[in-house]
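Trainee: Chain residues, written in single-letter form:
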Amino acid sequence: MFISARAAHGTCVFLLLLAVLAGCGGSARTDGADPKVTSLGSIEVTAKLVDIIGEFPPNDLYDYAYVLKYEVMQTHRGEAPKTIYVGQYNPLKPRAEAADARSGEIGGNVTAFHAGEVHRIALEVPIDDYCMVGIINKYAEQTQEPIYWAVWTNRVVQ
Amino acid sequence: MFRFVVAVCFLGIAAVVHAAEAPANEAVAALAQEIAGKGWIVYSARSDNGTWDLFLSRPDGSSVRNITNTPDYEEAAARFAPNSTRILYRRLAKGTQINHDQWGFQGELVISKPDGSTAVVVGGEGEFPWASWSEDGKQLVCLEKKGIKIVDLGTKQVVKELPRQGIYQQLFCSPDGKWFCGTANYQNAAWTVVRVSREDGALNVVHVFQNCTPDWCPDSEHIIYSSRPGDQKSNNGYGWTQLWMSNGDGSDAQLIYGEEGFHIYGGQLSPDSQYAMFTKCPNDGGGAESKGALMCVMRMADAPSIGGESPELRSKHANTKNGPVLELTFGWEPHWTYENVGATE
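Protein sequences, first through last, are from chains U and A.
For what it's worth, our numbering labels the leading residue of the first sequence as 204, then goes sequentially.
For what it's worth, our numbering labels the leading residue of the second sequence as 12, then goes sequentially.
Keep in mind the hints are simulated off the structure, nothing from the lab.
Heads up, a few of these hints could be off.
Stated by the list, open to error - Straight line, CA to CA, 27 Å or less: simulated DSS-like cross-link-like pairs of lysine-lysine:
hint, chain 1, residue 1, chain 2, residue 2
1, U, LYS341, U, LYS296
2, A, LYS327, A, LYS244
3, U, LYS341, A, LYS156
4, A, LYS156, U, LYS239
5, U, LYS272, A, LYS156
6, A, LYS244, U, LYS341
7, U, LYS239, A, LYS157
8, A, LYS157, U, LYS272
9, U, LYS341, A, LYS157
10, U, LYS251, U, LYS296
To be verified - Computed far set for chain A versus chain U, every beta-carbon distance over 12 Å:
hint, residue
11, THR62
12, ASN77
13, ARG90
14, GLY134
15, ASP147
16, GLU155
17, PRO174
18, LYS244
19, SER321
20, VAL352
Source: prediction; values computed, not measured.
Where is the CB? At the ideal position from N, CA and C, for every residue including glycine.
All chains, full assembly: derive it from the sequences and hints.
Mentor: Right under this line is the structure:
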């Protein structure tokens, strides 16, 4: 069968578009539940990362926890207010690679933090009972609420 | 003819430079001679076997000797007991990188005589974190997630606990036993040097923002620490860490030494408060992860002093004295005693 060059080109573009569209819709829905997030910590929530103030400093020299603001959408275990401030340990690292001897068991499948994303998080509170590093809290003047410690952070796709 | 003129000019300039350096070198030599007999320092450094060992030397850098010499371990962070009859330090497995920020959590606590003999391992890996001496050397002051713990050295029992109030590293007891100092998150400001009353736990801020490695001055009233002021433009806006000192209540903060191109850490005073010892490192962190940094000594009578050209620093501190600074060898976290602990029998 003879196919003209123009027709072949059109077919290729069509197939490429299909592939791109399939890729865009590739993130399967997930509620973020796994054995870790549903068992670690004393509190478990699904929450929206409202915003990130400033840029995360490099952590090649200093370990730190950076406080992020979340709006709680659902509480699975324990109790949590509508707005929580959560310290993420060395947030430039994917959660699966963030744990070290100092942090204790932390993790999850979030690879980077972006405002607007929804996370399922296992938490402890107050952060001082679980974390002995510098805590960078840009919300310090907005709230005196206790800071939560993120133990396990998974991505939720709705 | 032109070459001759250039050569004469060059020689002239060289002579002027040499003439300017000579008095400076003489001043440094005089400082070295002045402190040579003033006790001993203990410090960590890379040894010929490639690992970190502990060394004793005179404060001018002479009479150096390796007092651990253990190719199978890394030893670091030695401190003399208040009466200088013992030292404590941390011993890490060979190849473990000393973390400048976490060393108090690393390895085993070891106590020995100041010459390194009769070393006794106290506790297991990571136990007695950030252990330092109490004022009488009979107790250890430790910093854990759950709080400040004072441990009787004889029984290893906790005799007192206090909330740590955000302190997360470098906890030290004042020579009079009344206070602690440390690096803390306080009122949500990280890297804040604080002072805590041992009696009632009352806390006050000493210096806020980008400070660490606090240590007590012998008078128990002043605290010396490293600080990287946030208003610096040099080093691409990152700035350089400087040596500062404040009253324990946070008042009268003053620069002791700074030098653009170097981060100043490990500051402490001699037992008579006449001299300051510190390390200077081109990379932030003090060099614990590599080979340490140049250990230095200056007179406190020359404080504040600024090294090098340091144009930005000099513009902010016009009253500097440019005193001599004696550079020793590469090391980390030196500690100074006036007791004659290095005497050989």
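Trainee: Now tell me, hint by hint, if it's right for this structure.
Mentor: Against the structure, the hints come out as follows:
| no. | hint | in the structure |
| --- | --- | --- |
| 1 | U/LYS341 - U/LYS296 | 20 Å, holds |
| 2 | A/LYS327 - A/LYS244 | 12 Å, holds |
| 3 | U/LYS341 - A/LYS156 | 23 Å, holds |
| 4 | A/LYS156 - U/LYS239 | 23 Å, holds |
| 5 | U/LYS272 - A/LYS156 | 24 Å, holds |
| 6 | A/LYS244 - U/LYS341 | 22 Å, holds |
| 7 | U/LYS239 - A/LYS157 | 24 Å, holds |
| 8 | A/LYS157 - U/LYS272 | 26 Å, holds |
| 9 | U/LYS341 - A/LYS157 | 25 Å, holds |
| 10 | U/LYS251 - U/LYS296 | 19 Å, holds |
| 11 | THR62 | 20 Å, holds |
| 12 | ASN77 | 29 Å, holds |
| 13 | ARG90 | 20 Å, holds |
| 14 | GLY134 | 16 Å, holds |
| 15 | ASP147 | 27 Å, holds |
| 16 | GLU155 | 8 Å, violated |
| 17 | PRO174 | 9 Å, violated |
| 18 | LYS244 | 18 Å, holds |
| 19 | SER321 | 22 Å, holds |
| 20 | VAL352 | 33 Å, holds |
Of the numbered hints given earlier, the model fails hints 16, 17; all others are met.
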